[in-house]
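Visitor: Okay, here's what each chain looks like letter by letter:
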Amino acid sequence: METAIDVSGLVKTFGRTRALDGLDLTVRTGEVHGFLGPNGSGKSTTIRVLLGLLRADAGAARLLGGDPWRDAVALHRRLAYVPGDVTLWPNLSGGEVIDLLGRMRGGLDPKRRAELLDSFELDPRKKGRTYSKGNRQKVGLVAALASDVELLILDEPTSGLDPLMEEVFQHWVRRAVHDGRTVLLSSHILAEVEALCDRVTIIRAGRTVESGTLGDLRHLHRTAIDAEVAAPLDGLADLPGVHDLRVDGRRVRFDVDTAALDAALRRLTELGVRSLVSTPPTLEELFLRHYETADRA
Amino acid sequence: MSTLTGTRHLVRLILRRDRLLLPLWVLILAVLPMTYAASYFELFPTAAERAAYLEGTARNPSIVALLGPAYGDSIGGLTAQRSGFLLLIVALASLLTVIRHTRTEEEAGRRELLGGNVLGRHAGLTAALLVTYAADLLLGLLTAAGLVATGLPTGGSLAYGLVTVLTGVVFATLGGLAAQLTETAGGARGIGLAGLGAAFGLRLAGDTAGNDWPSWLSPLGWAARVRPYEGERWWVLLLPLAATALTAAFAYPVSVRRDLGAGVLPSRLGPATAGGGLSGPFGLAWRLHRGQVLWWSVGFGLLGLILGGAAEAAGRSVEGSPRMEEIVARLGGASGMADAYLGVTLSLAGLAAAGYGIQAALRMRAEESAGHAEPVLATGTRRSTWLLSHVTFALLGPVVVLAVTGLATGLTYGLSTGDVPRQLGRMLAAGLAQVPAAWVLAGLAVLLYGLLPRLAPVTWAVLAVCVLLGQLGAGLELDQWLLDLSPFTHTPQVLRDAWTPTPLYLLTALAVTLATAGLLTFRRRDLPVL
Chain A
1 METAIDVSGL VKTFGRTRAL DGLDLTVRTG EVHGFLGPNG SGKSTTIRVL LGLLRADAGA
61 ARLLGGDPWR DAVALHRRLA YVPGDVTLWP NLSGGEVIDL LGRMRGGLDP KRRAELLDSF
121 ELDPRKKGRT YSKGNRQKVG LVAALASDVE LLILDEPTSG LDPLMEEVFQ HWVRRAVHDG
181 RTVLLSSHIL AEVEALCDRV TIIRAGRTVE SGTLGDLRHL HRTAIDAEVA APLDGLADLP
241 GVHDLRVDGR RVRFDVDTAA LDAALRRLTE LGVRSLVSTP PTLEELFLRH YETADRA
Chain B
1001 MSTLTGTRHL VRLILRRDRL LLPLWVLILA VLPMTYAASY FELFPTAAER AAYLEGTARN
1061 PSIVALLGPA YGDSIGGLTA QRSGFLLLIV ALASLLTVIR HTRTEEEAGR RELLGGNVLG
1121 RHAGLTAALL VTYAADLLLG LLTAAGLVAT GLPTGGSLAY GLVTVLTGVV FATLGGLAAQ
1181 LTETAGGARG IGLAGLGAAF GLRLAGDTAG NDWPSWLSPL GWAARVRPYE GERWWVLLLP
1241 LAATALTAAF AYPVSVRRDL GAGVLPSRLG PATAGGGLSG PFGLAWRLHR GQVLWWSVGF
1301 GLLGLILGGA AEAAGRSVEG SPRMEEIVAR LGGASGMADA YLGVTLSLAG LAAAGYGIQA
1361 ALRMRAEESA GHAEPVLATG TRRSTWLLSH VTFALLGPVV VLAVTGLATG LTYGLSTGDV
1421 PRQLGRMLAA GLAQVPAAWV LAGLAVLLYG LLPRLAPVTW AVLAVCVLLG QLGAGLELDQ
1481 WLLDLSPFTH TPQVLRDAWT PTPLYLLTAL AVTLATAGLL TFRRRDLPVL
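These protein sequences, in sequence, are chains A and B.
What the first sequence shows, in the numbering used here, is residues 1 to 297, in sequence order.
What the second sequence shows, in the numbering used here, is residues 1001 to 1530, in sequence order.
Please note that a few of the clues may not be correct.
[Unchecked claim] Here are a few chain A residues that face chain B, going by a calculated C-beta distance under 7 Å:
1. Arg70
2. Val73
3. Arg77
4. Pro90
5. Glu96
6. Asp99
7. Pro124
8. Lys127
9. Thr279
10. Pro280
Hints listed in this document are in silico derivations from the structure and should not be mistaken for laboratory results.
Yeah, the Cβ is synthetic: ideal placement off N, Cα and C, and Gly gets one too.
With the hints as constraints, model all of the structure from the sequences given.
Guide: Here it is in structure tokens:
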């Protein structure tokens, strides 16, 4: 089977709110697919439709070759889901929740479970109410990653994890893909998406605005530069790829396309750099840029 | 920074969040005593009629068990007794309001959000107590004003109003203490309800047995002993004041010493792996419901032991009152009197068991709102299996609780009359006869959960209406069709000789229909509805 998830023209309304407005999403078998969008753009709603929790008003959705609503139970045995906010039963220990969810999916690999607990440094004996946000996410991740399933649906799974654990998470996702699993990764963390994803889909207001490989989206990147130079400024404004140039005496601020970064920096060095701060675009900025260009087009 | 800094803001937050709930219970509870008084003025205009009512009904041991003692035949005295059951509800509302705004907030993590702002250590507890005290005060003043308006004496009305205020205040403070002891709101409610249950049990035992000292240990017993309209004993009001001060003196130091989110009773480590029983939705449901089943059974078992033990004395207590003896003779002698008393108390247990059933059914709603349902339903668990795992407890829980109540009642009553086997059987039957009516309400909760999940808690209001219909029905001489709306009206009097089981079958069929409709609608709806 070529595609693990195939969604087209998905529409879902809640009262007057149109949460999904003709959304398309295609995830190929065996890939890590990044699912990006601002808060409230419909990522979780899409995932809930895929899980058969919500029924779509219009459009088509296929999951692992089945109908997410009609074949929900059979499909759920072949996938594992980690919500963005894992909430645990206050009186169940983390280990109990991991085993319970695993058994409900049809069993988990005890060896991998032990390895995961070890590498995530998670104490499975603590009661649900005593875990921190990050540790609750770990419980959900261990339960999902220890299951023998074809598809992992991860909805902002690393919110609350520290950078070390982020590394561990990426290691296990790579391993899952190596083992032949497919991953749908909804995320806000651009670095995580860049490190893991083969292809990404960006949505806004319930609609797909871009879908493709990361390379396709590279042209959207712009870096913000804030520098102080020794000599009076000239020759920057006409450089291609430099935007929003603001000059305040010897201080200069501008945004530059990734492709033009080298040329712009060389020009600054010629002027004599006294200080330099370069800020890579945040995901939000990337979205904003992208939407600007999308609107202009 | 004072330990009370920020209390004002929290008070406003609580008032904003409870802007509907608080006025609602204050208003309803304030109006009911007026309606009692008005109905008594209408029903018993002459002293002779009141005296007959006092002997024939108000001093009937089952009525005394339920409402408390009647000290005289004035309209005011009868009204104060009739309102005895309302005090239980005032206590419950005050208790739950305080826990709702202290431990529930802390457990949900919302208090942390506020604790980051400028907030004194005592502010949370103080704000919750202040709002609840103020609500109780308002309720008491409205009650007193309403009673005066019906034409009752001012002194007695004021005394009854103060009784209402202080009963609420005592249990609000108990709620404040309970909220400091456990980490979970459920645990705090359990402690608070156990305290309320003990107060009710002590009052009931004291008021129905020959010696009334247990009533003097209970805040609900003090309430009657102020004797509004029947030679007020104002000094008794000092007892709830002292109890409040004492409870607060325990609660406040604890609230300072413990960490945010922690209780006094520590939380232990759990197992690293799940046991064999925890492998599917039913195993999970058992873990989530078992504590409730256990504690309700223990509580009701104790209540049953007390009720059964008091029944024989209640049956004999009418000796010497010619009018009562005549009524008792009609009921079939002292044992008939005891049966009538036990019938009333077991029907009350039926109402409480319905409350249990509703609570167990609404657990599904809590699971959905807390985000616990979603990961489970994203596994191989069918929606119908998940729903049935909870509905099983909503249906079997009342059976267990009422069976335990019936058996415990039968045991102590049988011991006092010397025929344990027979009474065990009779009381078990009388307890279980309450089950179908309780099921109807649990079924309604399931239907609402499937169809209109946001409105599912309305089932509590339906139960409240059933309680009021049962309580007010006779006094207000309501039309039969109105009384028939409550499923509890149809529960047969099993302790009488002639009764027919048909209503039980019909109630069960209705309950099953409601629950099935709930299941079918739940399978079709979106999840989660927040």
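Visitor: Among the hints numbered above, which are violated by the structure, and what are their numbers in rising order?
Guide: 1, 9, 10
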